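Q: Spelled out, the chains give:
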Amino acid sequence: MNVLVPLPVVLPLLAAALSLAAYGRTTLQRAIGLVTMTATCAASATLLTLVIRDGPMSADLGGWGPSIGIVLVADLFAVVMLAVSSAMVLAVLVYAIGSPATGDSAALFHPVYLVLAAGVSASFLTGDLFNLFVAFEVMLSASYVLMTLGGRAEQVRSGMTYVVVSLLASTLFITAVALVYAATGTVNLAELAVRMPDLPPFVRDSLGLLLLVVFGIKAAIFPLFFWLPDSYPTAPTPVTAIFAGLLTKVGVYAIIRTQMLLFQSDGPSPLLLSIAGATMLVGVLGAIAQDDIKRILSFHIVSQIGYMILGLGLFTVAGLAASIFYIVHHIIVKTTLFLVGGIVEQATGTGALRRLSGVATRMPVTAVLFLVPALSLAGLPPFSGFVAKLGLVEAGLAEHRHVIIGVSLLVSLLTLFSMTKIWGGAFWGTADEAAFVNAAPNRSGAPALMIAPTAVLVAASLAVALAAGPLYGVAESAAESLIDAGAYVRLVTGP
Amino acid sequence: MKLSRSLILDMSAGPVFHVALLFSAFLLFRGHNAPGGGFIGGLVAGAALVLRYVAGGADEVHRTVRVAPELMLGLGLALAVLTGVAPWLVGDQFLESAKLSVDLPLLGTVKTTTALPFDIGVYFVVVGLVLAVLRTIGGEE
Amino acid sequence: MIVVLALAVGGLYAAGAFLLLQRSLTRIILGIALLGHGANLLLLLAGGASGRAPIVDGSDQAVSDPLPQALALTAIVITFGLTAFLLALAYRSWLLRHDDEVEDDVEDRRIARLGRGKS
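Residue numbers (this note's numbering), protein chains in the order written: chain A, 1 to 495; chain B, 1 to 141; chain C, 1 to 119.
The following block holds chain A by itself, in its conformation from the complex (with noise of 0.2 Å):
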């Protein structure tokens, strides 16, 4: 059954060929990337039911042996990730086929948005170094396009940092590659894990912190975030969701897939975990002086990356299962506010919160959609993000670390600060028909299609707080086969 493992990203691949073909036609555009990502999400959920029955499988394209070759490795991990992103990909391509200003209005949108998908999925999918590069790249170049889309000045500047930053990332990943093929002979990752323990472990910290810096800048992780709030919040708000949802977790992926392959370490590791603390408050501190949606949402990417970074830090089984059901639940959470953020602005014409107000009044379905991400965000329960911060606060417990928990408790309750900014800001107060220049004439204000995918995602993240029992259990053994890295080469080499 392994040819279901490449199909994640062949099939946006041709898509994306099919739809630029149809360029200019945007009705056919919409068709082809809907029937492919819907394709892709049942492939990639059918690869996640029989991972879970069977366990991981792999595929070495071209019929190449494995040393050789490009091998793809759909493990635990991977699969989970593919099957939530692609179908955040599904959704917001409905949101973004929906909504009449922001949307998909481009000819070049839907290519290089399956482009980007393709790159996503190749990049979780991969079992090589190498192609990870190229899978990031792919993703990246695809994103580089979506950001500057439209090409308005303020994209242009804040597209230029975003690009230069990026490209400095993939330099320095080129470079530890070359570094990693010359001191091991190899760029496969089941034969690095294998190499790896037998260098010099100066060698080998320096190509792990090496490779910590290339992921970070992607993951945004402290002190290497400070292009993410500047950018984002320009980039139009389909495309922002996305990045929001995809991109850094990709980043994050990409640090716990070769810390726990090439570097895993005994112990908790005192850096990551201070990373972690700091990645957490300067994103937090950093939302709570800003005074616009998008710009406030951007800067809790930052600070969310922390947790997933505590989880791994620990490195151990409940810390990783911690981190991953974690990073799923900020998917699916992260995606739905930027999507609400921009169901606001649309109505509105602005996301400034001195200039909104009343949006509960006049939209009070939006303001529901919004609530429900926003505490779920700051870890209330009955929500998702309950679940997640307490296994990671469990797991922090079980390790000693009260330092560390402490400070991400402290971050969750600034979080819900800021949340309540945005929540008293816009959507309290006395709503001004005047300022709701383009809402539609219902109660929630914005066209079906763009409600339609918000509120799915929102009863998804519910489901995943109902469901947290299952759910947990599969994060469990991802970890599981995260802590076992033989598990891996084997799979990948053969017995």
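Be careful, since some hints might not be right.
[To be verified] A few chain A positions that, by computed beta-carbon distances, are all more than 10 Å from chain C:
| hint | residue |
| --- | --- |
| 1 | 53 |
| 2 | 270 |
| 3 | 352 |
| 4 | 484 |
[What the hints assert, rightly or not] Computed Cβ-Cβ distance ranges for the label pairs, DEER-style:
| hint | chain 1 | residue 1 | chain 2 | residue 2 | range |
| --- | --- | --- | --- | --- | --- |
| 5 | C | 14 | A | 209 | 15 to 25 Å |
| 6 | C | 66 | A | 209 | 22 to 32 Å |
| 7 | C | 17 | B | 54 | 51 to 61 Å |
Derived from the structure by calculation, the hints contain no laboratory data.
Only a predicted model underlies this, so the values are computations on that prediction, with no experimental measurement involved.
Built from N, CA and C at the ideal position, the CB exists for glycine as well.
Fit chains B and C to the known structure of chain A by using the hints.
A: Chains B and C in isolation, oriented as in the chain A frame:
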């Protein structure tokens, strides 16, 4: 802005263009086991188009190639991806290729690989990209 | 030979990093290009000493490692494409603003305004 055209460049661009296209096709079919391939061939063809652009501007490029760049890009990429998928039909792995030896009348035995359509796809992607660049950036004056 | 190449890699990285820190967009792009060249050269160097024959079917001679060459080729194509995109972006920025300087980001401008307001 009206550029003054160079007579020498104008006259030589025509023949050179055709020779360069022929050379790019040579590189394309020679590829895989000898230096060459779709990317290199496409670059040579793209350079030929740029020569046309330098000699006669964006209009001349448009007159030379009537196909929309997006269509060429899209179909080239689709061809490349489909070549990768094709081995599934015979139960092989994604992107797997095989050697072929075909006896053709007049040409004799031609050895090639099933990766050739992939290279042709890449060729069209590169040419389509050059066309798109010439039209979008080169067209503004 | 490998010392010369290693020095070249170091020089490219140094010059690239220096240019990257400039305010002019053109210099930043040149810096990215130089850094990319340095990284690709390093990738090539990872295959071992230079001077050996390229890989040929049925040869008994020591051949050079083809994998870093393939990796470098891929990386070169990617760097080339992205540099082209960056140039297009810089061209767009020039069309919009007729200025080659990189602007301060929103946050910097706000903080600068705060400082001016106090004094």
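Q: Are the hints correct? Go through all of them and say.
A: Now the hints, each set against the structure:
Every beta carbon of chain C lies more than 10 Å from that of residue 53/A, the smallest distance being close to 36 Å; the non-interface claim holds. No Cβ of chain C approaches the Cβ of residue 270/A within 10 Å, the least distance being about 29 Å, so the stated non-interface status holds. The beta carbon of residue 352/A is kept farther than 10 Å from every beta carbon of chain C, the shortest such distance being approximately 12 Å. Its beta-carbon lying about 28 Å from the closest one in chain C, residue 484/A satisfies the requirement of being farther than 10 Å from that chain.
Our hint of 15 to 25 Å for residue 14/C and residue 209/A holds, since their Cβ atoms are close to 20 Å apart. Checked against the hint of 22 to 32 Å, the pair residue 66/C and residue 209/A passes, with Cβ atoms roughly 30 Å apart. A hinted range of 51 to 61 Å is violated for the C-beta pair residue 17/C and residue 54/B, which are about 35 Å apart.
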